[in-house]
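Each chain is listed here by its residues.
4 protein chains.
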Amino acid sequence: MIILIQCNDKVGLVAAISGVLARQQLNIVSLREHVDKAENRFFLRVEVEQPADPLRIEEQLRQVLPSDAVIIVNPLPEKKVVVMVTKEYHCLADMLVRHYFKTLQASIQAVIGNYNTLEDVCHRFDIPFHHISHEAIAKEAFEQQISTLIQQYAPDYIVLAKFMRILSPAFVAAFPGRIINIHHSFLPAFAGANPYRQAFERGVKLIGATAHFVTNDLDEGPIIAQQIIPVSHSLTASDMMRAGKEIETAVLAKALRLVFDDRVFVYNNKTVVFE
Amino acid sequence: MIILIQCNDKVGLVAAISGVLARQQLNIVSLREHVDKAENRFFLRVEVEQPADPLRIEEQLRQVLPSDAVIIVNPLPEKKVVVMVTKEYHCLADMLVRHYFKTLQASIQAVIGNYNTLEDVCHRFDIPFHHISHEAIAKEAFEQQISTLIQQYAPDYIVLAKFMRILSPAFVAAFPGRIINIHHSFLPAFAGANPYRQAFERGVKLIGATAHFVTNDLDEGPIIAQQIIPVSHSLTASDMMRAGKEIETAVLAKALRLVFDDRVFVYNNKTVVFE
Amino acid sequence: MIILIQCNDKVGLVAAISGVLARQQLNIVSLREHVDKAENRFFLRVEVEQPADPLRIEEQLRQVLPSDAVIIVNPLPEKKVVVMVTKEYHCLADMLVRHYFKTLQASIQAVIGNYNTLEDVCHRFDIPFHHISHEAIAKEAFEQQISTLIQQYAPDYIVLAKFMRILSPAFVAAFPGRIINIHHSFLPAFAGANPYRQAFERGVKLIGATAHFVTNDLDEGPIIAQQIIPVSHSLTASDMMRAGKEIETAVLAKALRLVFDDRVFVYNNKTVVFE
Amino acid sequence: MIILIQCNDKVGLVAAISGVLARQQLNIVSLREHVDKAENRFFLRVEVEQPADPLRIEEQLRQVLPSDAVIIVNPLPEKKVVVMVTKEYHCLADMLVRHYFKTLQASIQAVIGNYNTLEDVCHRFDIPFHHISHEAIAKEAFEQQISTLIQQYAPDYIVLAKFMRILSPAFVAAFPGRIINIHHSFLPAFAGANPYRQAFERGVKLIGATAHFVTNDLDEGPIIAQQIIPVSHSLTASDMMRAGKEIETAVLAKALRLVFDDRVFVYNNKTVVFE
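Respectively, the protein sequence lines represent chains A, B, C and D.
For the first sequence, position 153 (counting from the first letter as 1) is numbered 153 according to the UniProt record's numbering, and the numbering increases by one without interruption.
For the second sequence, position 132 (counting from the first letter as 1) is numbered 132 according to the UniProt record's numbering, and the numbering increases by one without interruption.
For the third sequence, position 151 (counting from the first letter as 1) is numbered 151 according to the UniProt record's numbering, and the numbering increases by one without interruption.
For the fourth sequence, position 226 (counting from the first letter as 1) is numbered 226 according to the UniProt record's numbering, and the numbering increases by one without interruption.
It cannot be assumed that every hint is accurate.
If several chains are the same, the list does not tell them apart, and a pair holds so long as it fits within one copy or across any two.
[As the list claims (entries may be wrong)] Heads up, simulated BS3-like pairs for lysine-lysine below, C-alpha to C-alpha not over 30 angstroms straight-line:
#1 LYS80 - LYS10
#2 LYS87 - LYS10
#3 LYS254 - LYS10
#4 LYS139 - LYS79
#5 LYS10 - LYS245
#6 LYS254 - LYS270
#7 LYS79 - LYS270
#8 LYS102 - LYS245
#9 LYS80 - LYS139
#10 LYS102 - LYS37
#11 LYS102 - LYS10
#12 LYS37 - LYS245
#13 LYS102 - LYS254
#14 LYS245 - LYS270
#15 LYS10 - LYS139
By construction, these hints were calculated from the structure, which means they are not laboratory data.
It should be emphasised that the depicted structure is a prediction, and the values quoted were computed from it without experimental measurement.
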């Protein structure tokens, strides 16, 4: 059983929490705690060996913790997700394969594409695909269609697996803290469009990818995971793009594992990740 | 203030420990806990914000913990070390520089070399150097001289910074858990002599280095840190040796930082490292 | 157009080769050359900008090169492969996805499994799957069935994508230099069975994977690619296995890309890889 | 013997160059060639086994190459350098140690500091240290003093080993292509002052360092080498700074090795690095 707690910091929090668990004869297998001193914020993730009644544990924790505490006892083991894509397959296919073999720790409800390029691969894995074109339609209407569709699936998370349209603040605000994006650069370097072209022209020796929660500042949300690979002068811009796709796939996979495994806290445009 | 605890696992340990701290109004800044289920062993490292009387804390912890508990409250911030070398400079020089600029978190008492190659660089940093040759002397007598000398300095740790003689079980037993070695391979690959030659002949694409505590099984003690670098066919065996020295220096520096910062527990030929 | 040449080294080889190309007005875009001094062996890979008659170029090269030279002009852009699997999906699925989206640089002719676990995923991608069980049959007959089947497809390469049976020398000898294996450890460490269990018990801080050509010495063929990831005490043996699968997938994908892109030479149990 | 050639690309360059070498019975041990198609620019580095008369080789190469060709035959094996520092020791100390043990491939003529913090460590290694304060003096006069001093030493390269003052275009123009800087971020992310504070506030999961040639655009010159290390929420801004110093030291060391080993070409704000 996993318990997640986030609240303002004060003396005695660990004692209070572990006291509750000890009185229930629950053995702590793994405990991670972090205090952000600048924000005076306390984060804790604990795994206990035995199952227990989550409602009862939560009630008892609430009695000993500050009233602002966010307490999650026994989070859902399998998250519901909707995936949004454009034309690039690599991140989506990786998710579909893991989903099919039951190692994604999430259930893909549907895939929404603004092109139909990836419809066939979704159908091969029996996943509903919805084609909602952004062409010949106002942006507001386009997003409204997507939003309505997403709400029908009631997902825990929306994964932008190379969705190449910028979402409006209104759309983002409708799903606060629930949209995960893979950005094709080592943010904050090369924010914006065509990062591989930028990287090639700048002559960098590393390229990277960043998985982050989406907020209203484009390419500026809390970072979950980042990775890089070395590149050299011998790579063209399109070689860099190919290499970048490998790292994008790996970084998104890692970020989703961390999020779906309840290892990520978000606070003030930053994450606390208990790997 | 740092507190380290290792004991057999049972329900309620975190509650007992954090209860002691809370009653003293000590705020936990960082807490790392690990349970080795196979060994039923509990490891905990906690940093508290405020200073406190270490003897009193230790006494109170002892009252609530099992009798087998190893409790260290407020470990020495600066460890005393003796360094043993042969001819290669890279690890020693890195330690001397950090020592001189007070970032080693340790005080180098002396350097012992079985050659005098590195005497001059030690003197440039005002560190005593003792030349004890292994030639024209029985191994037992050679080690006895070293042992006697080390004991005069009463070091917390002995660092083998490319000391290329194999130490006898008797020597190792005289300093249990206190000898740290840097091995020039990614153990357990290429144990034994001349690992770069072995790596070259095997045509590997990565070479590495391993920092570990020394036990009686040569190249077999608990591993503290390991790192690798990619290599290619274009490197000769001596190129690999040069590249390997960079990684040896980095790995030993990392391992020493972890040990001197009281982040490493040892149990049953393994380490628990709270990075 | 790509040209690959391997022969004994002597003065003037580059001049002879580039002279042939210059006389045909062919522009060299990229040239990689390596001489293994210990073996006196010359390796060269050159990309030229313009297309040309491969037979004519090969004939002219043969006139200026030693008689032992292995010359490949304009290698097949798409290799034919047969994949062999047991139950683990990760490497196969990665290959199937790349094949489906035409980024594998190879054509998967068929998949052979000694269990039928992965039959369904192959069918989803319209790839023939053959189930040949190793049970209730002598090893010789088992391998004979596989061998006969493979020969029908006439593949350029056979990829062991987590095929967990040891192949006999006779089988290996039937496909010299054409079998590629992914081994679940950083060879030569942890050769043999159950490397993650071994790695866990040894308490290593890195785990890895190795893609190599198969020879008669088990886990001992020429290494094409290797990679590692850091691990810590907090991973169980099964966590290490999960993490290891990510790195196995990545390493096999990289090795296949290098081989299919004609960047790998083999000589004397080593590879020369022009990345 | 090493030969470096840079010129506009055309058909037949490799044949022309290798023909010259073959006629002198010089055996090519390693040849690296790159063509920047966008710029139509040809780069070549070749190592030959035997010594030869460099003037004669250069003359013969000049006869077969375009008139714009930059030809360097047998570059100086040991470069002369002047190092500029402020207060941080890590990059300078690494260079001093390598210099002392004759593995820097360069001769440190002198160190110039705008503080005298690092004077003592220079004297311990018998390297002249010049203290030129930037205080109570106009920037122009400050740079003039430095420039005059540098010219006395006639260095091949000037290494900014954590020199924390911005140099004027006039200063940079006086040493074109000869100033190497280590920047404490993964450029282009976090250009400008205090990158670790920026990285901490942005909550990145990787920090890096960049070694580059200095041009008039601050933090914008051709990149020689870059590296990163993973970081987590548990690091404070000062922890990041400490970790960053390790990577800065490693990246500068690598970049200097590449430059001093004549493996770096510069063209149009980019580098071609034949590692």
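Going down the list of hints, with the structure as the test:
1. In this homomeric assembly, LYS80 and LYS10 never come within 30 angstroms of each other (Cα to Cα): the closest approach is 35 angstroms inside a single copy and 36 angstroms across copies.
2. For the homomeric pair LYS87 and LYS10, neither the shortest alpha-carbon distance inside one copy (49 angstroms) nor that between copies (38 angstroms) is at most 30 angstroms.
3. Taking the shortest Cα distances, LYS254 and LYS10 never come within 30 angstroms of each other, neither inside one copy (32 angstroms) nor across copies (33 angstroms).
4. Proximity of LYS139 and LYS79 under a CA criterion of 30 angstroms is satisfied intra-copy only: 29 angstroms inside one chain copy versus 45 angstroms between copies.
5. Within a single copy, LYS10 and LYS245 get their C-alpha atoms no closer than 44 angstroms, and across copies no closer than 33 angstroms, so neither meets the 30 angstroms cut-off.
6. Taking the shortest alpha-carbon separations for LYS254 and LYS270, both the intra-copy value of 17 angstroms and the inter-copy value of 27 angstroms come in at or below 30 angstroms.
7. In this assembly of identical chains, the alpha carbons of LYS79 and LYS270 lie at most 30 angstroms apart only when taken from the same copy (22 angstroms versus 36 angstroms across copies).
8. Proximity of LYS102 to LYS245 under the C-alpha cut-off of 30 angstroms is found in both arrangements, the shortest distances being 23 angstroms within a copy and 14 angstroms between copies.
9. In this assembly of identical chains, the alpha carbons of LYS80 and LYS139 lie at most 30 angstroms apart only when taken from the same copy (26 angstroms versus 46 angstroms across copies).
10. Within a single copy, LYS102 and LYS37 get their C-alpha atoms only as close as 39 angstroms, which misses the 30 angstroms cut-off; across copies the closest is 26 angstroms, which meets it.
11. In this assembly of identical chains, LYS102 and LYS10 lie within 30 angstroms of each other by CA distance neither inside one copy nor across copies; the values are 41 angstroms within and 34 angstroms between.
12. In this assembly of identical chains, LYS37 and LYS245 lie within 30 angstroms of each other by CA distance solely across copies; the values are 23 angstroms between and 37 angstroms within a copy.
13. Within a single copy, LYS102 and LYS254 get their C-alpha atoms as close as 16 angstroms, and across copies as close as 25 angstroms, so both meet the 30 angstroms cut-off.
14. When the C-alpha separation of LYS245 and LYS270 is checked against a cutoff of 30 angstroms, the pair qualifies both within a copy, at 25 angstroms, and between copies, at 23 angstroms.
15. For the homomeric pair LYS10 and LYS139, neither the shortest alpha-carbon distance inside one copy (47 angstroms) nor that between copies (50 angstroms) is at most 30 angstroms.
Violated hints for the displayed structure, listed by number in ascending order: 1, 2, 3, 5, 11 and 15.
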